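Chain by chain, the residues run as shown.
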Amino acid sequence: MQKEINADQNYQKTLIETGWVCFEEATAETYKHLGFKSGLEIHQQLQTREKLFCHCPTGIYQDFDDYDAEIVRHMRPTLSELGEYDGTALMEFKTRKEVIYRIKNRTACTYEVDDTPPFPLNRQALEIAIEISLLLKQYIVGEVHITRKQYLDGSIPTGFQRTAIIGIEGAIPLKNKPIRLIQLSLEEDSCREVSDIGHRRIYTTDRLGMPLIEMVTYPEMLTPAEVAEAAHYLRFLARSTGKVRTGIGAAREDVNVSITGGTRIEIKGVSHIREIPLLVHVEAFRQKALLTMREKLVAVISDPKSWQTRSCILDLDVKAVAYPFPESSQKLVAVLLPKFKGILSHFTQPGKDFSSELSDRLKVISCLEKPNLIHSEMANVEEFDHLAKLIKSRLKAEPGDAWICFAGPDEDIPTAIETIQERCQLAFEGVPRETRKSLADGNTLFERVLPGADRMYPDTDSAPIPVPEEDIEQIRNSLPVDLPFRLAQLKEWQVPQDCWTYLLRNNLMPVAEQIVNDFEVEPLFVCTLLAQNIKGRMRLKKKPFPFSKLVDIFAFLKDNNIKWELIKEMIPIIIDNPKIDFQSILNLLSWKKEISSDLFSAVPYFTKSVLKDCRIDCKTSAISWVMGKLRPRALGNVDMQEIFNAIEKQITTQEKKND
Amino acid sequence: MTESIQGYKGKALEVIKKFHVRVWSDALIKSTRGEFQGIILPRSENDDQFHIVLKLATGYNVGIDVHTITEMTEIGYKEAHYKIPEKEFPFTPGLPKVKLLGTGGTIASRLDYRTGAVIPAFSPGELYGAVPELAQICNLDTEKVFAVFSENMGPMQYKKLAVAIGEEIEKGIKGIIIGHGTDTLHHTAAALTFMCQNLPIPVILVGSQRSSDRPSSDAALNLMHAATAAGHGDIAEVMICMFGPTSDEYALLHRGTRVRKMHSSYRSTFRTIGDIPLATVTRQGVQAIRNDYNPRRNDHQVKILPYFHDKVSIVYYYPNMQPDIIDSLVDNGYKGIVIAGTGLGHVNKLIYPAIRRAAAAGVAIYMTVQTLWGFVHMFVYDTGRDLMAMGIVPAENMLPEVAFIKLSWALGQTSDLEEIKKIMLTPISGEITKGEPYNGYLIYQGGIPEVEEFIRKVHK
Ligand SMILES: [Zn+2]
Chain A
1 MQKEINADQN YQKTLIETGW VCFEEATAET YKHLGFKSGL EIHQQLQTRE
51 KLFCHCPTGI YQDFDDYDAE IVRHMRPTLS ELGEYDGTAL MEFKTRKEVI
101 YRIKNRTACT YEVDDTPPFP LNRQALEIAI EISLLLKQYI VGEVHITRKQ
151 YLDGSIPTGF QRTAIIGIEG AIPLKNKPIR LIQLSLEEDS CREVSDIGHR
201 RIYTTDRLGM PLIEMVTYPE MLTPAEVAEA AHYLRFLARS TGKVRTGIGA
251 AREDVNVSIT GGTRIEIKGV SHIREIPLLV HVEAFRQKAL LTMREKLVAV
301 ISDPKSWQTR SCILDLDVKA VAYPFPESSQ KLVAVLLPKF KGILSHFTQP
351 GKDFSSELSD RLKVISCLEK PNLIHSEMAN VEEFDHLAKL IKSRLKAEPG
401 DAWICFAGPD EDIPTAIETI QERCQLAFEG VPRETRKSLA DGNTLFERVL
451 PGADRMYPDT DSAPIPVPEE DIEQIRNSLP VDLPFRLAQL KEWQVPQDCW
501 TYLLRNNLMP VAEQIVNDFE VEPLFVCTLL AQNIKGRMRL KKKPFPFSKL
551 VDIFAFLKDN NIKWELIKEM IPIIIDNPKI DFQSILNLLS WKKEISSDLF
601 SAVPYFTKSV LKDCRIDCKT SAISWVMGKL RPRALGNVDM QEIFNAIEKQ
651 ITTQEKKND
Chain B
660 MTESIQGYKG KALEVIKKFH VRVWSDALIK STRGEFQGII LPRSENDDQF
710 HIVLKLATGY NVGIDVHTIT EMTEIGYKEA HYKIPEKEFP FTPGLPKVKL
760 LGTGGTIASR LDYRTGAVIP AFSPGELYGA VPELAQICNL DTEKVFAVFS
810 ENMGPMQYKK LAVAIGEEIE KGIKGIIIGH GTDTLHHTAA ALTFMCQNLP
860 IPVILVGSQR SSDRPSSDAA LNLMHAATAA GHGDIAEVMI CMFGPTSDEY
910 ALLHRGTRVR KMHSSYRSTF RTIGDIPLAT VTRQGVQAIR NDYNPRRNDH
960 QVKILPYFHD KVSIVYYYPN MQPDIIDSLV DNGYKGIVIA GTGLGHVNKL
1010 IYPAIRRAAA AGVAIYMTVQ TLWGFVHMFV YDTGRDLMAM GIVPAENMLP
1060 EVAFIKLSWA LGQTSDLEEI KKIMLTPISG EITKGEPYNG YLIYQGGIPE
1110 VEEFIRKVHK
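Going down the list, the protein sequences come from chains A and B.
First residue of the first sequence: 1, per my numbering; consecutive thereafter.
First residue of the second sequence: 660, per my numbering; consecutive thereafter.
Take these hints with a grain of salt, some might be off.
Not everything, but these chain A residues come out facing chain B in the computed CB check (under 7 Å) [stated by the list, open to error]:
| hint | residue |
| --- | --- |
| 1 | Asp68 |
| 2 | Arg76 |
| 3 | Asp114 |
| 4 | Thr116 |
| 5 | Leu134 |
| 6 | Leu136 |
| 7 | Tyr139 |
| 8 | Ser155 |
| 9 | Pro157 |
| 10 | Gly159 |
| 11 | Gln161 |
| 12 | Ile573 |
Derived CB-CB ranges, DEER-like [what the hints assert, rightly or not]:
| hint | chain 1 | residue 1 | chain 2 | residue 2 | range |
| --- | --- | --- | --- | --- | --- |
| 13 | B | Glu810 | A | Pro324 | 26 to 36 Å |
| 14 | B | Ile935 | A | Ile197 | 52 to 62 Å |
| 15 | A | Ser393 | B | Glu1112 | 55 to 65 Å |
| 16 | B | Asn811 | A | Asp66 | 28 to 38 Å |
| 17 | B | Ser924 | A | Ile197 | 23 to 33 Å |
| 18 | B | Glu810 | A | Glu411 | 40 to 50 Å |
| 19 | B | Gln943 | A | Ile197 | 23 to 33 Å |
| 20 | B | Lys676 | A | Pro468 | 21 to 31 Å |
| 21 | A | Glu98 | B | Ile935 | 19 to 29 Å |
| 22 | A | Ile197 | B | Val804 | 21 to 31 Å |
| 23 | B | Lys746 | A | Asp410 | 45 to 55 Å |
| 24 | A | Lys32 | B | Thr717 | 20 to 30 Å |
No wet-lab data here; the hints were simulated from the structure.
All of these numbers come straight from a predicted model, not from anything done at the bench.
Every residue gets a Cβ at the ideal spot worked out from N, C-alpha and C, and that includes glycine.
Please construct the entire structure, taking both the sequences and the accompanying hints into account.
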């Protein structure tokens, strides 16, 4: 009897063979060794009133089950220029998905559902895109050509996204080096997915057609930290225009990663930049693992081209196996993977092995909901001893073979068998070209086969739009301040680094600068007020803080000859009552105007009483006790540092006297 | 005529010549806006003469303003040729033989990815390459009868098609599909209904509202529905087969004389007017909605009547229409006029003299209604009675376009006004009905609660 493989031990062993280094311990050297390269595609929605190709309103989202009508479509692959079907296209067609669109009259017209050709491109969106393109120092095109980019997942009812290049090349300066850009395009946003179960995928059309830009860099980032830095920079740059959308889903990142010997993998839809470093780290090692695995396979299997799975339908009731296969499963299918022993439990990502690559594809391509397979190298395989024996005898397994057992409805079985064959065959090549979905734990899931270059073609429904020199000049003349200047300004103002992100993300530098200039306030005070006081208070609020009001408050304080410190007391009240007038805030605070000499003359009275109190034994607590007594009266009336100094001085002299 | 090379003319052509580059060359262009590299593509004839179209390596197209160009260098040349892959259409014993007659409208096609030009798929092999499911429905053969755009279809083409249909039936075909652009599909359907009578097999006209170069196209499903109706359906009439709802669910079979294109861009644009459609079609088969149709037969007894007179016009009446509109038709030798009148079939007194003059000149004048739904009723008001006295014949509930086609067909056979009247008012295939069913007129108004509820539940 051959000895069964120990899945856990094999996973650990292959993890070590892969050379896995955990994220916290990885250094620039780790990535250099892998040949790590990464590029970014930053998607940023633009702040326009109407959608890009129709007059529906933007920024209105409805609940998934709130809709006025539904329509059903199917996507069909179209032939590529070589007369072949694109890999992704064919895969999507195999899945035979029924796509359902939910429509709300308020947010969608007949354009969204592909029953009307596009209206002329939204000019406002075009101007914002040119503005950002200019900030990136790009070459602006002479004429904008709307192009169709095919998507067969149904996320756009036409089956393609209308997109257009606005500028090419350009660069952004990172701390250590510049990163070049490939292009900036203006495009329509896709639908939001409601659900994707079995053969039915449901989308809502509210977001569909909203204008967004895509900024694409060359794959020049060589460490995860650089990827995050570039992502932040591009986001801050877009925000600096004040003309882009903010909030959940308004900015989304796709990251592509490759290592030496691997291939370009696109990780889609990352919603937080902070998630990027771990995601790209894990992906780099997933590629390394697949390459390590490949070496082993090639060593055992001399002729990969003729390698074939063997499969059979088991005459065993699905319910007879104690495994939670999907409800719709009709038959049990066994697939033998000759000479694949040790592969299914081979490490790929933390907590994942090669069997999950197969499981993911079975879900996406063959519509078999998870959990969808039992295999010879799962940790608890001995629980399926009876099944294992049956499969081995039916498929005449030999030592060194592996097997898989899945269940599904009749019509999905041929596709599923083909899917397993195809993915295993790809293991001989190394890393298959894929787009992958990001998960919160840093792992990724198979999403679809990476589309080929043949999916771009001109939009015959739209005429080219010339971009004359005058238009560019006009936009150039009102560009926001360059981002590198802002970064230098923050440094000069000695604003702590942890405040930068908040200030730039919310485009607060123009406001801060105005307050500093108009009212001669300390820059550090303004910046920390924004990035510490207000940020802290706003953390749980849904609505944004009315930053533009800040200038008015400073003006009010100045007119009433009130010291700036009082503003920190006023902020919480404004947050709770955004419409309140400033005088009422003072009333709510029970704040009164006091003459500073009155306040200073009260200092000796309090210091005397504190020193008599035997519970306060040290100088610091004595000062803070007096400060606490005087603070409500002093705030806004005198400089707090001066009053502090006065108290300290008084206590010191009193102590000396007492000694 | 101004010189043009692959769509480039004027200033753009000058620049291309000046720097010795060619269309299809891989070029490096230096401009005051920066450097661009890509393949120089042909330009659409109607676009301006100040830009050069470049396909970048990423697949995107951009235009470069020729005024900004300082230098162009050819670094390669890659002319592309495209064709649809041909795969032999498999013969399946037991499946009906169906003929697809091509008119030039593209149902199945593929895009030239660089220029955006549409390459039609037409031969059985090409169609099989594009819509392999067809082989599970029928044994398909194709013939290109001619190649014109939908808007250029006319008498010549109607007659040629009618003759071709007769020949195919003679040869024993089980069903005919006619691929056609959608704009004038209903005119052709009416013409073929009158020209091909006593049909033993289905004749299905089909088009697409979204060209098949897009993944969401209705073309493939329309072809499958048409093949099912032509090969397996029991209704032997000239019919239009297009989407019922805008969703990919089922098609409707509309009688060729009662159907009209009712939306400029919807997939479900064809509607039966003043009646209900004949049937629904899915890939599973044809489900008749009514049973008063002409059923399929095994004989080859078809009557082909390829006649058409091309001096017939439609006049769409509007308030304050002047008599010279009618006069000019008469003066130009028109023999038939179909008026689309207001309401029950009315025009203003202002044009009475012109109508009298036309009638006196022997012009056949027929009244239809702009409302599309409903009958002409000229006895209700004095106006109507006056008009009839002058010689205008009410055309019952014939649709204006159908009356136009039928009058042209009738005038093609005789110039005897009485004979024409007999032909016009004797229904051949439902162009005039005895009455209108209660559910023949349905235009729901969105916004009303019960309609909104219907739309929410049913895929419109
Ligand atoms: Zn819209």
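ask   = Holds or violated: is the Cβ of Ile573 (chain A) closer than 7 Å to a Cβ in chain B?
value = For Ile573 (chain A), the interface hint is violated, since the closest Cβ of chain B sits about 45 Å away, which is over 7 Å.
task = Starting from the hint 21 to 31 Å, judge whether the C-beta atoms of Lys676 (chain B) and Pro468 (chain A) obey it.
result = holds (24 Å)
Consistency of beta-carbon spacing, Ile197 (chain A) to Gln943 (chain B), with hint 23 to 33 Å = holds (25 Å)
key: Cβ separation of Ile935 (chain B) and Ile197 (chain A), checked against the hinted range 52 to 62 Å   = The hint (52 to 62 Å, Cβ to Cβ) is violated, given that Ile935 (chain B) and Ile197 (chain A) are roughly 37 Å apart.
ask   = How about Leu134 (chain A): closest beta carbon in chain B under 7 Å, or not?
value = violated (11 Å)
inquiry  = Restraint: Asp68 (chain A) near chain B, CB-CB cut 7 Å. Satisfied or not?
reply    = This hint holds: Asp68 (chain A) lies near chain B, its Cβ roughly 6 Å from the closest one there, short of 7 Å.
task = Tell me if Ser155 (chain A) is really an interface residue toward chain B, meaning its C-beta lies closer than 7 Å to one of theirs.
result = Hint on Ser155 (chain A): violated, closest Cβ of chain B at ~11 Å, above 7 Å.
CB-CB spacing for Asp410 (chain A) and Lys746 (chain B) relative to the 45 to 55 Å hint = Cβ of Lys746 (chain B) to Cβ of Asp410 (chain A): about 27 Å, so the range 45 to 55 Å is violated.
request  = Let me know if the C-beta of Gly159 (chain A) comes in closer than 7 Å to any C-beta of chain B, holds or violated.
outcome  = Nearest chain B Cβ about 3 Å off; hint holds.
ask   = How does the Cβ-Cβ distance of Asn811 (chain B) and Asp66 (chain A) compare with 28 to 38 Å: does it lie in that range?
value = violated (47 Å)
query = Quick one, is the Thr116 (chain A) hint okay against chain B at 7 Å, beta carbons?
reply = holds (5 Å)
ask   = Against chain B, with CB atoms and a cut of 7 Å, does the hint on Arg76 (chain A) hold up?
value = holds (5 Å)
The structure fails hints 5, 6, 8, 11, 12, 13, 14, 16, 22, 23 (numbered hints given earlier, in ascending order).
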